[in-house]
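A.B. asks: All chains should be modelled from the sequences, with the hints used to inform the complete structure.
Heads up: the protein sequence lines correspond to chains U and Z, in order. Numbered according to the working numbering, the first sequence spans residues 33 to 239. Numbered according to the working numbering, the second sequence spans residues 33 to 239.
Calculated directly from the structure, the hints in this document are not laboratory data. Treat the hints with caution; some may be incorrect.
Same chains, same label: a pair holds when it works inside one copy or across any pair of copies.
[As the list claims (entries may be wrong)] Think about it this way: if two alpha-carbon atoms lie no more than 27 Å apart in a straight line, the pair counts; the simulated BS3-like pairs of lysine-lysine are: (1) Lys-179 x Lys-191; (2) Lys-124 x Lys-46; (3) Lys-124 x Lys-78; (4) Lys-118 x Lys-171; (5) Lys-118 x Lys-191.
Here's the letter readout for the chains.
There are 2 protein chains.
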Amino acid sequence: MNPAAATALRPSTKGEETRAQILAAAVQQASAAGFESLTIGSLAEKTGMSKSGLFAHFGSKLELQLAAMDEAARQFTEQVFMPALKAPRGLKRVKALFEGWLTWPKRASLAGGCPLDAASREYDHKPGPMRDAVIERQKQVGRELAKAVQMAIETGELKADTNATLVAFEFMSIVLGFYRADLLIGSDEAVKLARAAFERLIETHRR
Amino acid sequence: MNPAAATALRPSTKGEETRAQILAAAVQQASAAGFESLTIGSLAEKTGMSKSGLFAHFGSKLELQLAAMDEAARQFTEQVFMPALKAPRGLKRVKALFEGWLTWPKRASLAGGCPLDAASREYDHKPGPMRDAVIERQKQVGRELAKAVQMAIETGELKADTNATLVAFEFMSIVLGFYRADLLIGSDEAVKLARAAFERLIETHRR
Chain U
33 MNPAAATALR PSTKGEETRA QILAAAVQQA SAAGFESLTI GSLAEKTGMS KSGLFAHFGS
93 KLELQLAAMD EAARQFTEQV FMPALKAPRG LKRVKALFEG WLTWPKRASL AGGCPLDAAS
153 REYDHKPGPM RDAVIERQKQ VGRELAKAVQ MAIETGELKA DTNATLVAFE FMSIVLGFYR
213 ADLLIGSDEA VKLARAAFER LIETHRR
Chain Z
33 MNPAAATALR PSTKGEETRA QILAAAVQQA SAAGFESLTI GSLAEKTGMS KSGLFAHFGS
93 KLELQLAAMD EAARQFTEQV FMPALKAPRG LKRVKALFEG WLTWPKRASL AGGCPLDAAS
153 REYDHKPGPM RDAVIERQKQ VGRELAKAVQ MAIETGELKA DTNATLVAFE FMSIVLGFYR
213 ADLLIGSDEA VKLARAAFER LIETHRR
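C.D. replies: Structure follows, in structure tokens:
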């Protein structure tokens, strides 16, 4: 954030609310049309604000994009990790994470699917701050997921020689397979396949 | 294809060559920047042809996009399915498909990754002929893959009660997980995880 925007924002609750509204709209748009579609102009139109009003919050397109990615990550944490933390550590939590992961884009009304997943594709081969940001967030998610699997080893529910990194990779793979199958064969069939794959994954490693 | 383009194309080997060159460039561009980036103007610039020359081959942006998707599917078949058909039917062929799938974007010099995978994301929530086309192609690929798995059941290598559709779903999930991990942790580590996941998948069902 540039200093002017920071100054404009800090003292005002109204300013924070407006910023939150802009970012909610930005995440919606990024889900449907990609982060590259996020311009000060398109967001001004979408939120009914003036371009100069937008500029007071985000000094550039890149700043807006990075803030939208932070907001997407925040929503993901709120929708997937926070509820799962209410489940006891171990397999129950891993399972809660899995179920939450499948449904979170719909629960967050993100018609275009998971924006972080979309961003990985969008910036896969476009070096720059957005690519760095999405890689960093995805890596962090991977570490958190592996940690949850590790806890299920520590509770004794999974075998002691379980490779938590591999299980986390397979978990993520099934989620990605589900997003694809959701498009091809519809949600009901896709959920059945994803759950069966997840069950097989857990059964293989269960003690 | 509009009738004028068809007439212009059919009798001329030169015309067919030019068309193939345009489509090769189009698939490259779609891999890196998406199928929506494919305009007559951008392809004219990329291939050094005139816009009117491009129009003689493809009467509209949509026609160009659909032809590029056909070409991407053709390249995929050539790079993944054709070599695997040289392996004997059964597990060897399933394994050949898996190895070919992981590496085909690189072997086809598609810097932006698998264009059909990219298109599933791009058109996931954009109804229209491109979405219909990518869904149709992805479904076809899924059926071919399930058929290859079914053959490994028929050879007796996989258990008789193996669910070929589920194995095909898991196979595709691992491929998608690999594409993601390739970005996050690099090719070498990603290949190790993908192969370990694939081995576990096969071992679970091996007779």
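A.B. asks: Output the indices of the hints that this structure fails to meet, ascending.
C.D. replies: 2, 3
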